[in-house]
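Chemist: Protein sequences, first through last, are from chains L and F.
Reading the first sequence from the start, the letters are residues 1 to 157 in the numbering used here.
Reading the second sequence from the start, the letters are residues 158 to 666 in the numbering used here.
Be a bit skeptical, because a hint or two may be false.
Unchecked claim - Facing chain L, according to a computed beta carbon distance under 10 Å, are these residues of chain F, among others:
hint: 1; residue: Leu511
hint: 2; residue: Thr514
hint: 3; residue: Pro517
hint: 4; residue: Val565
hint: 5; residue: Gly585
Hints in this document: simulated from the structure, not taken from any laboratory.
Idealized CB from N, CA, C, for every residue including glycine.
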Amino acid sequence: MGEILIGLALIALCLVVYLESGNYTSLTEMHLDPGSFPTLIAALLTFLSLILIIGKVVELRKRKPATKPKKSLKEFYTEYRLVLLTVLLFIVYIFLMQFIGFVVTTILFIIGAGVLIGSRKKKDLIIISSVAVIVTLSTYFFFENVLYIRFPSGIFF
Amino acid sequence: MLDLLVLGIAEIFQLRILIIIMIGVIVGILAGLIPGFTVAMAIVLTLPLTFGMDPVAGVSAMIGVFVGGMSGGLITAALLGIPGTPSSVATTFDAYPMTQNGEPGKALSIGVWASFLSSIISFIILVSIAPQISRFALMMGPWEMFSLIVVALTIIASVTGESVVKGLIAGLFGILIATVGADPISGIARFSFDLTVLRAGIPFLVVLIGMFAISRLLVSLETTEMNKDADNRAKDKLKNVKFVLKPIKTLITVLKKPGTLIGSSAIGSIIGAIPGAGGSIANIVAYDQAKKWSKNPEKFGTGCEEGVIASEAGNNSTVGGDLIPTVALGIPGSAVTAVLLSALMVHGITPGPLLITNEPNVVGGIFFAFLVASFWMLFAQFLGMRFFMKVTQVPVHILIPVILVLCVIGTFVLNNRFTDLYILLAMGLIGYLFTKYKFSLAPAIIGVILGPIAEVNLRRAVMADPDWTLFLTRPISLIFLILAALSIFFTIWQSYKTNHRIKKMEQVE
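Could you put the whole structure together from the sequences, leaning on the hints where they help?
Modeler: Shown next as structure tokens:
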């Protein structure tokens, strides 16, 4: 099922590429203009996505008497709980970084993700907190002073 | 060839660079050792650290990580029967039984020697073949370059992943990602949809970090994976094996099997040179071939020396093989060499057939760094193995957040652009979906790096002569295109054959 959705998404992407590719001005009539190579690739990709979708639909039809019991939403949640929560935390981390600054958000993210994934014992909490501080500060100072990278500073640092 | 090596020696034999390579090797061994931390991830994360160095030093550091990583998987494979990286799956077949028979030290030492000697053999193959190929490649025009990229991509698509269709889809998707941003010939911004995020294009390294590091970390967070990992760790604690390494004795053992060693190294080098096929395939193929050619194949799997030699020689010699197309043609065979090439590009060096002529010191440096890294690997493994063992104990809940942060830093350091982090997240999620539905990521990555080169060459070819049939009438180009078609048909035919056989078996039942 997932493959069909991915195939459809890819075809949609290709449609966008077709529509967008027509807009670029070509320098001369003879040569390929900026839109032609993407159009060619998109055409091939559409063709292959169609093959994939058709193949999967045929396969699903053949297996119509559903031998596989449908996975319940609860099972899905237990399997992917950590993945979903970590991604969510990661999004919040990136988003907040521009406002609060690199150092603070990174320390909080490492501790937060560590607690989320691992245990909540006091000893582990101390270890993960010290790891968070050491990793963050050492990378921060290394890149700021050796490679002169400016990290987002935000309100604190 | 010799002048290249002399230049290389001059570049590498400085204390600073020797130390850099040593650190790289140790980092690589650790990355290969820690389950869930892959060599590709380690290389991707080393890259930002090398921006401040000169090109040769930076590339040497990464080669160190590459060589170390290929041999790092050996330790867990031999002692615990768990491959630390996909490249050491076949190593578990014989090295682990050898440990169970009470000879862990022997298994490890043989593995280290096989890794080292096979690296040397693949180094010789690399140094003697790469310059010849690049000389040949200099005669190729844009038609041939375009066809070469077509064949490279189709081969990658057919050797990796579940099916050719999925592989090709991944490859084309990668090419499309690379078309975002400025058009390589006229400079018009394409597919940016007036978003600031996309105007500068999607940087290759961000795609790589997202697809190879973030998505891999997300996979290891699934409950099934977490439980598997916990099981392995429980096993880990039970097996506090004591072992004595016997460097001299096992060297003789390995040298007594020259056929297995050289054969497996040659197989590894050839497989490494094929785009897309790397250590994980070479490891198994070399083991399989050694079993076929052996006088007593029934001993394989019970802890026999030849099995350990073949599997470890197979995966380590892919490094030299992988560097052949990378250096000679500018076409990376794996994610790791793709990073290597992009490191060169960051330093303003254009990879391609001209690389050996234009930058002989860099190429010589790459060659010689590979040799030095092999020696460091040997020393580091024999002297530091006991210490490395302890590192597998790093708990997941520390490892994953820290690597995620390193990914963010790596992305940020690349262009100092905050918006790249959103692209990183998107690529991580796309990569995760791809892995979930068994689209292999290697073609997508190689597509991203080769797409622009393919486009430039295609357009140059049409500019020089708008006749399309030239792709088919120029002999070398034609051969490449035929190879591309053959690789697709061969894979389809093979999967049809296996399907057919499965159906027949079902009917019999």
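Chemist: Hint numbers the structure violates, sorted upward?
Modeler: Of the numbered hints given earlier, those the structure breaks are 1, 2, 3, listed in rising order.
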